[in-house]
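Starting from the given sequences, assemble the full structure and let the hints guide the process.
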Amino acid sequence: MTTTATIVQSRNLYMAHALALVESEEIGENTRIWAFAHVMKDTRIGRDCNIGEHCYIEQGVTLGNNVTVKNGVNVWAGVTVEDNVFLGPNCVLTNDPNPRAYIKKSAGSLVETLIRANATIGANATIVCGVSIGRYAFIGAGAVVIRSVPDFALVVGNPARQIGWMCICANRIPMLVGQELLTCPHCQRGYRRGENGLEPLPAACDASIPGSTEFSSFHSVISTEPSVEG
Amino acid sequence: MTTTATIVQSRNLYMAHALALVESEEIGENTRIWAFAHVMKDTRIGRDCNIGEHCYIEQGVTLGNNVTVKNGVNVWAGVTVEDNVFLGPNCVLTNDPNPRAYIKKSAGSLVETLIRANATIGANATIVCGVSIGRYAFIGAGAVVIRSVPDFALVVGNPARQIGWMCICANRIPMLVGQELLTCPHCQRGYRRGENGLEPLPAACDASIPGSTEFSSFHSVISTEPSVEG
Amino acid sequence: MTTTATIVQSRNLYMAHALALVESEEIGENTRIWAFAHVMKDTRIGRDCNIGEHCYIEQGVTLGNNVTVKNGVNVWAGVTVEDNVFLGPNCVLTNDPNPRAYIKKSAGSLVETLIRANATIGANATIVCGVSIGRYAFIGAGAVVIRSVPDFALVVGNPARQIGWMCICANRIPMLVGQELLTCPHCQRGYRRGENGLEPLPAACDASIPGSTEFSSFHSVISTEPSVEG
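Chains as they are written, first to last, in my numbering: chain F, 17 to 246; chain Y, 17 to 246; chain L, 17 to 246.
Derived from the structure by calculation, the hints contain no laboratory data.
Please note that the accuracy of each hint is not assured.
Because identical chains cannot be distinguished in the list, a pair is counted as satisfied if it fits within a single copy or across any two copies.
Said to hold, decoys possible - Here are the simulated SDA-like pairs of lysine to any residue, each with C-alpha atoms no more than 20 Å apart in a straight line:
#, residue 1, residue 2
1, Lys-57, Gln-204
2, Lys-121, Pro-175
3, Lys-121, Asn-81
4, Lys-57, Val-147
5, Lys-121, Cys-203
Here it is as structure tokens:
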């Protein structure tokens, strides 16, 4: 299996590395699946996804569109991943809160996890099942999440606690106690506090549509000022 | 290697996925070994084990019966795993407490780790070698264990500290300081403090034999009330 | 792919397991690459390296000589690994401090990480990009590193903080506040405080050359007294 060329097979409209094992029949166009990854049957994978090496996507899982799954990630049955989510390298998901090898559980007893659109799970973070990760939430590298995370929240540590907010533009917004309106110091987007974390003010809402031309302009902002772990 | 059907080979009495690499000659019946896993020669694997994808079982390792090894786990020489142990996804074991690439150590200098029967190691937990994980102990997801853990203890955090006890039925028993006798609030099993953590009172002892018919009744209890990370 | 013999192919002067995927043309002699590992093209791997199973070495990466990469490690573009570094099992490196799946970044915007010669990254540790890990530094198992680490520093926890120093001989040297000269209690090497952590005094400098006969004598010291997690 040593070879000097990467072999990529194009089947239908997605691509799979020759050393990937792909059994799903519902994979969107332009999705790429890399070596030693296994996508099981009865999974639904959106378009434009990138599934890294040594990943495992279990039967029953749904990944939205444009999801990035970095190397070494297992997505278990019971986990739902919405559009534009970033699953960092070796982050760990779960579906059983109190496993014992001698207690065999049925598929119906799995505890679910929901990762909302545009969220980021940092490298080597752990998500204990039964929680919801909010829209645009940002789980720092190595964090251990044991409760649900609000929209736009930035959490770090073990157990994870909130230390700020994370803008659509991927830069940090400080937590200002008692302040109803917040502005990103990097891109000037405005937010207000809502029922589940922050809500972008209307102008920012429009800008948050992935695929819009505005996203290319994010690049110069974020590449010059790395601010938090991820 | 892209295929639309999972191929499982039955050899003797155990099963190995066609993309697993199995070199051991001592594998018990009904054990299953999944894709991209490598079970080296000179390992001893019990019956009814489940060895997940991308696992590695190193030469010299012994796994007991009914051990669950979730995806992405490396079991190194020097680690002993007793019956009914659950090794959560991507949990990390070790056998060298102070590695340096320029100091080559002999196999004889490895530092051992013992994982006692019925224990659970949570997802992405780290076990520093030289410790013993007690019977029925429960290592929370993402915990970093640097000292031995008593029987039935529930530990979490980095470094891991005890926050409670974990019953045979996989539900949490609060730590009550100065109390010699404890009762599980979920299944009413009784325990007393012993030399190494808790000891089940006689009635619970009988119930703790895996394979007994009682275990099927655990299911309804634990699936309705997920209580701790794992 | 189930087989009872490990097949190792010798090509030029290095070895690759038959189930490794090796695309690099710059691999030093005596380097070994194991099953289900992927070494991409346009990587530079030194001599005497050991690249474990399920590893991934990305395009553009340079590994020095005698680097140990334990199982399950991804070395991303932007990470530079100097000679004699130990990358513990499942340790996690990164190259993007604030990833979002909907923000596509160019290779030029990756944030770099430098792991200096003789350093050790412990099992399941996480290194947030943009930092430098000092010479002989020792990152404890499960640590989450979010800032640069001085030479010879021993750091643990999430986030990682310094709790001592780590000698060339892989034993711990206590942090003594206000003391300019420090001596390893195990091997008696002397150090002084320098601009970036400790600096070995001249005698220790000579002893620190890997490959010198002195290194074999380390073994008896360290195998009898495991002192810190790694």
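Hint numbers contradicted by this structure: Going through the list in order, the structure violates hints 1, 2 and 4 and respects the others.
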